[in-house]
Amino acid sequence: MEYVNTVGLRLDGRRPNEIRQLRAEMSTLASADGSATFEMGNTKVLAAVYGPREASNRAQTDTSKATVRCEYSMAAFSSGERRRRGKSDRRATETSLAIANTLEQNILTELLPRTQIDIYVQVLQADGGMRCAAINAAFLALADAGVPMRDSVAACAAGYLDGTALLDLNYTEDGGGGPEVAVALQTGLHQVLMLQTDSKLSMEVFEEVVELASNGCRAVAEFLRTTLLAHVGRLSLATSIAKSEA
Amino acid sequence: MLQSKTFVKKTKRGKILKVVREHYLREDIYSGSPLDPECDPASFKLSPDAQRYIVLDTNVALHQMDFLEHAAVTDVVVPAIVLEEVRARNQSVFQRLKALTASDFKRFYVFANENHKDTYVKQDPGESPNDRNDRAIRRAAEWYSQRMPGKPILLLTDDAGNRTKAIEAGVEAMSCAAYARLREDVPELSDLVSAGLATQAEQREVGGGAGPKKKRRVFEDHKPLSEVTAGIKAGRYHQGTLRVSRFNPWEGYIACQSVEQEILLSGRGALNRAMDGDVVAVELLLEEQWRGPSAHLPTQAELDAADASEGEEEVLGEDGGAHIAQVDPGEHYPGVAGAAGGDDTSAARQPTGRVVGIIKRSWRTRGYCGSLQPPRVPGASHGPGTASVLVCPVERRYPFVRITTRQAATLSDKRIVVAIDAWDTDSLYPTGHYVRTLGAIGDKETETEVLLLENDINTAPFTPAVHACVPPLPWALGEAEAADPARADLRHLPVCSVDPPGCKDIDDALHVRRLAGGNLELGRRIDMLPKPLTEDICSLRSGVDRLAFSAIWEVTPDAQILSTRFTKSIIRSREALTYAEAQARIDDERLTDDVSCNLREMNRLAKILRARRSERGALSLASPEVKFEIDTETHDPLDVGMYQLRDTNQMVEEMMLLANCSVAEATLGAFPACSLLRRHPTPAPRQFEPLLRAAAAAGFAIDASSSKTLAASLDGAVRASDPYFNKLVRIMATRCMTQAVYFNSGELSVPEYHHYGLAAPLYTHFTSPIRRYADVVVHRVLMAALGLAPLPGSMRDRPRVADTVDNLNVRHKNAQLAGRASVELHTLIFFRGRTVVADARVTRVMRVRANGLLVFVPKYGIEGPVHLDDADRAGKEGVSSSAPAAVDSAPGAVPRFVYDEEKQTVSREDGGVAYTIFDTCAVTISVEETAGNRRVLALRLTDRAQLPDGERMG
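Keeping their order, the protein sequence lines are chains A and B.
Counted from 1, the first sequence has number 214 at position 214 by UniProt numbering; the numbering is strictly sequential.
Counted from 1, the second sequence has number 864 at position 864 by UniProt numbering; the numbering is strictly sequential.
For the record, the hints were derived by calculation from the structure and aren't laboratory data.
Do not take every clue at face value.
[Said to hold, decoys possible] To be clear about the criterion: a stretch of chain A counts as covered by chain B if any three or more of its residues have a C-beta under 8 Å from a C-beta of chain B, and this derived list gives those stretches:
hint	region
1	2 to 13
2	170 to 178
3	201 to 209
[Said to hold, decoys possible] Restraint ranges, calculated between C-beta atoms of paired labels, are given here:
hint	chain 1	residue 1	chain 2	residue 2	range
4	A	175	B	703	50 to 56 Å
5	B	746	A	21	35 to 41 Å
6	A	207	B	118	36 to 42 Å
Just so it is clear, the structure is predicted and the values come from calculations on it, not from any experiment.
The beta-carbon is built from N, C-alpha and C at its ideal position, and this holds for glycine as well.
Sequences are here, hints too, so could you generate the full structure?
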């Protein structure tokens, strides 16, 4: 398999430093406190946030700050007939923890003692880069729920195939056997919230890949910002209409 | 702009999947020509002054690569879809096409038509992928003509339908042959156009409805691939890679998993156009039609007769005579096939089959070396104009190739390269085209090039980029290296190197030193590479400082290894010795200088190590190595002789083995999953059969159950009266061995690492990085193991390591074959014009066959077939080996010989003469010119008494 062809294009026609097409929609679920769908190419993720609300388990209630929980799962239809993963999947559990951990660092949890925030992430369509798409979707859903946060969060992955660092791998490239590094950044504070990889890679390659993934994060953050602004614009418009009617 | 590609595919398990992939269309894809005002200057590739821009289609790229590589074909647009299709269909053509696109002066521009927003075409419902791709290529050509209205755009395609459609769309289109004719400035371009598909298509065009003259069918049609795969699944057919006998082009074997034994394919009809290396599907014949392999040596005359009749057959065929050209095995070549079928019923029969389909052709893209078949009527020459001629390949295992050329007259005494394009059912020979001329037949340079090409050895010079990495000469030790704390300064040690005489890449330097505790320190240094590197900088020449990698062992006086250390080092070799010089120093007791004492000490240790090794069961095998005395002026060989082995050779070898084993251990310890090692698989018991049978006939029992017992039996196989007997047995044992191979430690389990011949659990190649790439890889891994450098990323990439290892093994094998072929060539040159008689004291029978012997002449390292009937025809000497001679030699014309397989003896019916394996005999050696401009070394049995005294060798 040739992942980067002679003219420097990838299998789907992108250049190595390009991310897939991004789409997002906010407040997609009426019953949740906050919700969003986020798409990176053919990967589509739905996130719903409940809370901050009173902690359900009194014994585990943290008196000093809010508890952030995440449940990540893949819909049975998400990968077509490729493979089916249940909720008890250990990989899903691990991803849930990573998402909760990443976003908890960005939430001003100390403002919300004795509460709990539940984030539910469901992958509707899987085409690589689900973990990063889930973080981006969850961030939008948290913002939609009005949870106080320090900064905007954006996540993006990058890999290394055919001697080239590739941004935002899709499913085919993911199966290429090369290393993949997922990065989540607080783009305003320039803090790394998450940096994960399952493979061994040399220092030079690692630095190149992380640099590329960080650039990807910044591009995603820019998109998230415009999405949020558009959403807020729509909200204020709706409020002003409501006021004028009242 | 985003497009999505949806298609269904079947998984390996047979499930049907729907796959949806994104497909991005872009605006930043340019035409690559300065004539296009919108083109980004960075992507300029096509010349603005070109007469026209050519757009390729896939079939042209696949089949006309030799044509495209001609220097006159420039300014070509390669649509990305073509590149992609070529990659999927033929990897080697893809590499060549890629090289063309990378070349600056060929100006092949890859146009990413599939990702351009204006040239992307969507598959219409009901349209086949092929039609869609053709449309995409036409669309790209159209786009170019719209983009650059002033410049003619030419779509090059051999598909007439495609051309019509292109012309309808307003794009000029032409076939390769038509384009070659158009280019009157380069007449040789026409020769390079692949004949296969192009001419057929053209003929069809010209002939219209009536079609060309109806031709006879020579071969049966191949079954369609779907039927073949279904048949293989159902067990009706068997799949395997065809190996054709080196001596008999119409006998091949296939090893496949579905049948225990190898399947024999005998005769032109059974082979059904399959050639050596092809992956074929074979149908087994009924058991009563099975036959044994030929126990008969095909004689030169028979082979020539076969070659000659090949040509004739074609003539008859073209006359349209009532001749049936379908050749039944065993029927047509009484000499060759008759032996296989007729009197051989006693021989073991084996599964016999015929080819029903070819799954994968392995026609060499680099072509086949050969020469034009001389005209049948002596004196007649090829006339001017276009002629259809047969090319007789150098390697007998390949069939003749029919080519069309305008240069027949000039090529008749040349070695040329031809490529094969097609082989139709109505043609006795594959059709091909001329690629290039190598030089005059018989010329040493030409023939050397032939053997390099035949063995696939790349002799292209290093690129300037590689040379740029090499430090300039004269090279001296830099301050930085000297100061490197990881580098041990060993310049004070009395190091010396021992190599063959005349060796330019000195790579074995040794030292030994007595340590305070009575222990000894033993060292071995090693240091590709472009010439300045191999012959100067890395060559451990005497008296100069050189950077090296040292393996240092601390050993007790009885050679028990206490510790091993590897280090980068700086050394200064005291002396560069040859094996002979080193031996002289060891032998001369009066010399007491450092180097001599060291050598003596080292020799002593080496002997202990060697003894210990053979105790473990290491085999000491023999192979006939020869050396040539080369004339300094003409570079022609003056004399041939066996390579002489001295103690010092063994000493250096012992140190080398020690270093290699230690390094193998060290790298494996550090990187269990990615060390490059070398293993020698234990041969299967049946591989020893020839040896056991031969030894049994000579009255010795050989126990080959383990390397240790084998070593012991080999040591025991001694005839007091015959000092050379043991060596012969060892040579024979060597032939039973499997090939040692490189492998990646991660791919196999630990017990499989074993090196059978050396009886070592671990082994690798470390000591000759100047001349073997494997050693360079091992050096890098060892560096990483010592923490001196990071492990190269390529070693972590398992598929890539696997590729490297496969390539190493293939190259190693090819190098060996080429080495052998080169020895053969030099032997031929040596014997050209002289006839030598090797007498009974130096010539041995290595194998016995029904009608001949395989004899071995150790003095020259020659091994070859001798025909018993030749001996009886001694009186008729002088009859050249042409077709009439073949008739004379047919069985029955001379006293028959009886072959006893059990005793490995062949004796004349009347009891006159008998030859047994390991016997001595006398042969005459001379060079004979045979049909098709092949030169062969002919051996003939000679009655020693008949020789004039002067001709006898002492």
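Practice item. Tell me if chain B covers the region 2 to 13 of chain A under the three-residue, 8 Å CB rule, please? Key: holds (count 8)
Point to revise | Outcome of range test on Cβ distance (residue 207(A), residue 118(B); 36 to 42 Å) | key: Since residue 207(A) and residue 118(B) have Cβ atoms about 39 Å apart, the given range 36 to 42 Å holds.
Check your understanding: Between residue 175(A) and residue 703(B), does the beta-carbon spacing fit 50 to 56 Å?
Key -> Holds - the Cβ-Cβ distance for residue 175(A) and residue 703(B), about 52 Å, lies within 50 to 56 Å.
Check your understanding: Per the hint of 35 to 41 Å, is the separation of the Cβ atoms of residue 746(B) and residue 21(A) within bounds?
Key -> Since the Cβ atoms of residue 746(B) and residue 21(A) sit about 39 Å apart, the hinted range of 35 to 41 Å holds.
Practice item. Mind taking a look at whether chain B covers the region 170 to 178 of chain A? Criterion is 3 or more residues with CB to CB distance under 8 Å. Key: holds (count 3)
Review point. Are there three or more residues in the region 201 to 209 of chain A whose C-beta lies closer than 8 Å to some C-beta of chain B?
Key: With 4 residues close enough to chain B, the hint holds.
In the structure shown, no violation is registered for any of the earlier numbered hints.
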